[in-house]
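Residue numbers (our numbering), protein chains in the order written: chain G, 1 to 111; chain V, 112 to 226.
Hint data in this document are derived by calculation from the structure and do not stem from the laboratory. Warning: the hint list may mix true and false statements.
[What the hints assert, rightly or not] Here are the simulated distance ranges between beta carbons: (1) V:N128 <-> G:G16: 46 to 56 Å; (2) G:A70 <-> V:P180: 39 to 49 Å; (3) V:G114 <-> G:L11: 24 to 34 Å; (4) G:K57 <-> V:Q206: 20 to 30 Å; (5) V:K129 <-> G:Q72: 43 to 53 Å; (6) G:L46 <-> V:T118: 20 to 30 Å; (7) G:E56 <-> V:M126: 45 to 55 Å; (8) G:A29 <-> V:L138: 40 to 50 Å; (9) G:E59 <-> V:E167: 25 to 35 Å.
[Said to hold, decoys possible] If you want the ones that stay clear, here's a sample from chain G, every Cβ over 12 Å from chain V, calculated: (10) Q6; (11) I18; (12) E26; (13) S65; (14) K71; (15) G83.
Backbone N, C-alpha and C fix where the C-beta goes; we use that ideal spot for every residue, glycine too.
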Amino acid sequence: QQQVKQSPQSLIVQKGGIPIINCAYENTAFDYFPWYQQFPGKGPALLIAIRPDVSEKKEGRFTISFNKSAKQFSLHIMDSQPGDSATYFCAAKWGAQKLVFGQGTRLTINP
Amino acid sequence: ETGVTQTPRHLVMGMTNKKSLKCEQHLGHNAMYWYKQSAKKPLELMFVYNFKEQTENNSVPSRFSPECPNSSHLFLHLHTLQPEDSALYLCASSQNGLAGDNEQFFGPGTRLTVL
């Protein structure tokens, strides 16, 4: 199945909280799992990515947790800020170029 | 200009019109992509071009006709569209290679409304 299921659709968190966005997949041929951040009026931009041989990757306040046996991965945002308010997409890649995206999560960080 | 640019940013057209979307990448990449982003739906890959050659057509209706004259420019020609084609059309580019993550860089998109 060339699908990635993402939840929740929307999320509201207070400043300083830790929003968590979850994704699940079926296709074991996926070999690269990026997260994209999209602000209104802009295209998606790569935020952080992970390969399935790693269980966790951290870049600044953003962390991906990856559970290969469960075919699930999640994005955590530490010490969230109002500037993190955006739509977040998980994705999965197979082959050299084919990206499949999740449905997106609209994240709002309240001051 | 830097990154990936798209013009126009907004387009309103009737179902009988013919229009074109333009994408230009200033990153020296050799692969370009068209995606469709509809409300509450995942981004959908439409077309992939590598070194000006189309390598992927994701069952896109023929009323969408892509053109890639060189590795830096990509067009999407539109004709006799339907209201359900209204969406944000995103262009992306990447450095294609046999290995590596081939990160895709996206433009800001063209917001298309079909009346």
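Comparing the hints with the structure gives:
For N128 of chain V paired with G16 of chain G, a C-beta distance near 50 Å keeps the hint of 46 to 56 Å intact. Between A70 of chain G and P180 of chain V the CB atoms are about 46 Å apart, so this pair conforms to the stated range of 39 to 49 Å. Evaluation of the 24 to 34 Å hint for G114 of chain V and L11 of chain G yields a pass: the beta carbon distance comes to about 28 Å. Checked against the hint of 20 to 30 Å, the pair K57 of chain G and Q206 of chain V passes, with Cβ atoms roughly 21 Å apart.
For the pair K129 of chain V and Q72 of chain G, the supplied restraint of 43 to 53 Å holds, since their beta-carbon distance comes to about 45 Å. Between L46 of chain G and T118 of chain V the beta carbon distance is about 23 Å. The supplied range of 20 to 30 Å therefore holds. E56 of chain G and M126 of chain V have their C-beta atoms about 50 Å apart, which keeps the hinted 45 to 55 Å range intact. Take A29 of chain G and L138 of chain V: their Cβ atoms lie about 28 Å apart, and the range 40 to 50 Å is violated.
About 30 Å separates the C-beta atoms of E59 of chain G and E167 of chain V, a value consistent with the hinted range of 25 to 35 Å. In this structure Q6 of chain G is not separated from chain V by more than 12 Å, as the shortest Cβ-Cβ distance comes to only about 8 Å. Once the 12 Å rule is applied to beta carbons, I18 of chain G is consistent with being away from chain V; the minimum gap is 25 Å. For E26 of chain G, the non-interface assignment is confirmed: its Cβ lies about 15 Å from the closest Cβ of chain V, beyond the 12 Å cut-off.
Residue-level check passed: S65 of chain G sits 19 Å from the nearest beta carbon of chain V, beyond 12 Å. A cut-off of 12 Å between C-beta atoms confirms that K71 of chain G is not in contact with chain V; the least separation is 17 Å. The claim that G83 of chain G is not at the interface with chain V holds, since no C-beta of that chain comes within 12 Å of its own (minimum 19 Å).
Of the numbered hints given earlier, the model fails hints 8 and 10; all others are met.
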